[in-house]
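Given next are the chains, with one letter for each unit.
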Amino acid sequence: MENKQQNKKQTLLFQQWKKNKDHVLLTNDFGGRIELSGKLFNELCDNPDNIPQQFFDNGFVSEMLDFGKLGLSWLNTHCNVCLSPTLHILVMTARCNMQCLYCQAGAPGRKKDMSLDMSLETAKKCVDFAFKTPSPVLNFEFQGGEPLLNWNVLSETVKYIRQKESESDKDVSISLISNFILMDEEKANFLLQNEVSICSSLDGPENVHKKNRHSENDISYNIVCKWLKYFNQKYDSQLGKAYKIFRPGAIITVTKNSIGHAKEIIDEYVSAGLESLYMRPVSQIGYAAVNWNSIGISPAEYISLYKEAINYVLTLNKKGVSIIEKACQIFCEKIFNVGSGGNYDLDSPCGAGTGQIAYNYDGNIYTCDEARMLAMEGDDLFRIGNVNDPVEKVLTADAVRACKYASELNSQPLCSRCAYKPYCGICPVFNYATQGSLFGNMATNFRCAVNKGQIDFIFELIKDKENEEILKKWIQR
Amino acid sequence: MKQFDIVVSLENYSINAIRYAAYTQTNYAWVYLSFAEKALVNVHFVMKAGHDIETVKSAFLQELEDEKIREKSRAVNVAASIEIIKNAFKNINVSFLKEEKSVLTKKQELELDKLIEEVEKELQSEMELNKSDDIKHITKTWEETNGK
Ligand code: SF4
Ligand code: SF4
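Protein sequences, first through last, are from chains A and B. So that you can map any letter, position 312 of the first sequence is 312 in the numbering used here, and since no number is skipped, the others follow by simple counting. So that you can map any letter, position 80 of the second sequence is 80 in the numbering used here, and since no number is skipped, the others follow by simple counting.
Accuracy of the hints is not assured; some may be wrong.
To be verified - Partial list, derived from the structure: chain A residues whose beta carbon lies under 7 Å from chain B:
{"id": "1", "residue": "Q10"}
{"id": "2", "residue": "L12"}
{"id": "3", "residue": "L65"}
{"id": "4", "residue": "G71"}
{"id": "5", "residue": "P413"}
{"id": "6", "residue": "F439"}
Said to hold, decoys possible - Keeping only pairs whose Cα atoms sit at most 27 Å apart, straight-line, the calculated DSSO-like set for lysine-lysine is:
{"id": "7", "chain 1": "A", "residue 1": "K125", "chain 2": "A", "residue 2": "K69"}
{"id": "8", "chain 1": "B", "residue 1": "K90", "chain 2": "A", "residue 2": "K132"}
{"id": "9", "chain 1": "A", "residue 1": "K393", "chain 2": "B", "residue 2": "K114"}
{"id": "10", "chain 1": "A", "residue 1": "K170", "chain 2": "B", "residue 2": "K90"}
{"id": "11", "chain 1": "B", "residue 1": "K114", "chain 2": "A", "residue 2": "K452"}
{"id": "12", "chain 1": "B", "residue 1": "K57", "chain 2": "A", "residue 2": "K39"}
{"id": "13", "chain 1": "B", "residue 1": "K57", "chain 2": "A", "residue 2": "K19"}
{"id": "14", "chain 1": "A", "residue 1": "K421", "chain 2": "B", "residue 2": "K114"}
{"id": "15", "chain 1": "B", "residue 1": "K90", "chain 2": "A", "residue 2": "K69"}
{"id": "16", "chain 1": "B", "residue 1": "K90", "chain 2": "A", "residue 2": "K393"}
{"id": "17", "chain 1": "B", "residue 1": "K48", "chain 2": "A", "residue 2": "K21"}
{"id": "18", "chain 1": "B", "residue 1": "K72", "chain 2": "A", "residue 2": "K39"}
I should point out that these hints are in silico values taken from the structure, not numbers from a laboratory. Beta carbons are placed, not taken as given, at the ideal position from N, Cα and C, and that holds for glycine.
Isolated chain B, as found in the complex:
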């Protein structure tokens, strides 16, 4: 069985990027990850029949680069996506959901209402506290900061 190794530095790529890039090649090879030494990861490929080492090697390295690009904006992208989806839900007619009988018991419903009330109160008081020195605009929604 054809095999080869690529050593990747954690100074250049995150462990998640390495893990993902390795996963993308699992149609062509069995891939094993291990720590080589401090800050180095050894990626060991055992080729599956009918596939070419050079193609897998370059695809793996390309995936690492691509993942680096994604990582630059992943956190912002997730925040934006959540905000957009929240906005989408505002447009849904949920009347039929309200008509549905709740799956919670009366007691559980009361507990949930109480919990929601407590969390809302806590959030409110935190926001009051932060309003005066809100340099980073954390009291504003994503939409208020980034919308048109």
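Same shape as in the complex, but just chain A:
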């Protein structure tokens, strides 16, 4: 359809596209997404006089821009810039009772050094600090090392958070990431009664899990399965309880040992009663960098495994099995709903210091947990302060600003021209650790290759209507 504005001087706002054989995917930062033939793309570029209406509607023409609508779309996808941290990660201890090959927490081999535990005094200061930040929503996440090694402080901190919550008007949630080795009925009951959601690591079937996650007497796999089942049963039987019980979650770290086991990994999750899985590739930082030869995986290997896994998940969905994959869900949320996806690592700019902050066991504060992990290796570049500092000083620290600038995709040469920019995010800490600068170079960046591969695949998948419908249902969950 011709547009009534066609006689006016119009400029096509084409900045980011991806050419595939005979068609072009064109996007913009304001929710616009059009797939067109290569022929039409070339015709429009040569002669922008006869522009179809959809290009106006989606903000691709300099005239007739709907500033209100486009502005709102931008805000939906960039909301973390306007926030103060909602995710507050408390490292209860840097000690751990396992020795995973890919540990980024700097914990392996540090089992007995109690000076690596957070004191109750520091923990309370962390909580006070979080409550002083302006965000109306706070999510406290207990991490480690293995947080259950510092159970007394952890449980007292949970009580303290709930007490502070009752005195404030903030909306508070609490979660725990644990390997479950020290979990027992008493701890589990306490956590459930205090509405703490629980997450663990399950890398797949026993043989795969064991290779990645080393524990004394190799008990980890059985223990994780036992407690996931336990928390699942509690979730299913919560009717009539005075408190809310969350379904437990688990994450997978995909390593060389996962190759060839895509289907078994999914089956393992289904049989553990889990309805979602998050398949993150191992990162070449921390202890994983030391063990890279035995666990490292290339982006191409990861993507091939990822495709097999998602295809299998979709096959299961078609048979009525309820399971989703988290990364794919996040990308779909961004593609179909023009939303943020709720993952700070895939935001532009990323959530370092604005969406999340991490408190180390000693009260030092970092832009995020990855930054804190780097500090465990002796590099304090992303330290933004201490629990004793004023909130406004910490939240506006130089490292926060540097991370915003480096992860804003328009400041990246490749990203600013990439059709996947609205769906993607980069990590300054990862860039710094693997490429030596916060900006990195996306042409050779591991995470860029992975993200690109995943989004390529999703656009392939949604060419099939049935797949598209299923993936749209994932984002309603």
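Given chain A, put chain B with the ligands in place with the hints provided.
For chain B with the ligands alone, coordinates are given in the frame of chain A:
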């Protein structure tokens, strides 16, 4: 090590376009730029192992063409984007930011207020001056000129 050169004319492509197109190939080759002679840039590629010269060559030339398309609308796109984002910020509830204590000292705050006032006054008087012969609509916002 396999190497090759492509000479690009600055009459056809901007130096920024050449620089960007070269950057896109850095996964496959080391790329060096130098001035060949007046208005010509020599792009020297030293291939990294396992990559093919012809693929890099054609990808580089394609990137140059693509960048030319982007350059046609970059300035307008930036102006439009700024306007849209400004509009987005109008919708944010910044009340919590106001509650935050300022990171500036009292003295710095007063200086800043004074500075803002001066700039506003200057802008106002310039606009008054231009209003009469505002042929190019420079006193109008982007939104007023280009909005629905
Ligand atoms: S990181 Fe890679 S895939 Fe993501 S926007 Fe940048 S260039 Fe595109
Ligand atoms: S720096 Fe990296 S890990 Fe930290 S918030 Fe940003 S993307 Fe996430």
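So, going through the hints one by one against the coordinates:
Here the hint on Q10 (chain A) is broken, as its CB sits about 10 Å from the closest CB of chain B, past 7 Å. Hint status for L12 (chain A) relative to chain B: holds, with the closest Cβ pair at about 6 Å, below 7 Å. Against a cut-off of 7 Å between C-beta atoms, the interface hint on L65 (chain A) holds, since the closest Cβ of chain B lies about 5 Å away. Because the beta carbon of G71 (chain A) sits about 4 Å from the nearest beta carbon in chain B, less than 7 Å, this interface hint is met.
Proximity of P413 (chain A) to chain B holds as hinted, the smallest CB-CB distance being about 6 Å (cut-off 7 Å). With a cut of 7 Å, the hint placing F439 (chain A) at the interface with chain B is violated, because the nearest CB-to-CB distance is about 12 Å. A distance of roughly 42 Å separates the Cα atoms of K125 (chain A) and K69 (chain A); the hinted pair therefore is violated under the 27 Å criterion. Pair hint K90 (chain B) plus K132 (chain A) holds up; C-alpha atoms about 25 Å apart against a cutoff of 27 Å.
With a C-alpha separation of about 24 Å, the suggested pairing of K393 (chain A) with K114 (chain B) holds against the 27 Å cut-off. For the proposed pair K170 (chain A) and K90 (chain B), the alpha carbon gap of about 24 Å is at most 27 Å, so the pair holds. Straight-line distance between C-alpha atoms of K114 (chain B) and K452 (chain A) comes to about 49 Å, which puts the hinted pair past the 27 Å bound. Between K57 (chain B) and K39 (chain A) the CA atoms are separated by roughly 23 Å; this keeps the pair inside 27 Å, and the hint holds.
For the given pair, K57 (chain B) sits about 17 Å from K19 (chain A) by alpha-carbon distance, which is consistent with the 27 Å threshold. Note on K421 (chain A) and K114 (chain B): the hinted pairing is violated, with a Cα-Cα distance of about 40 Å set against a maximum of 27 Å. Annotation: proposed proximity of K90 (chain B) to K69 (chain A) holds, straight-line Cα distance about 12 Å (limit 27 Å). With a CA separation close to 26 Å, the supplied pair K90 (chain B) and K393 (chain A) stays within the 27 Å bound.
A distance of roughly 26 Å separates the Cα atoms of K48 (chain B) and K21 (chain A); the hinted pair therefore holds under the 27 Å criterion. Of the pairs offered as hints, the one joining K72 (chain B) and K39 (chain A) holds, with about 19 Å between alpha carbons and a cut-off of 27 Å not exceeded.
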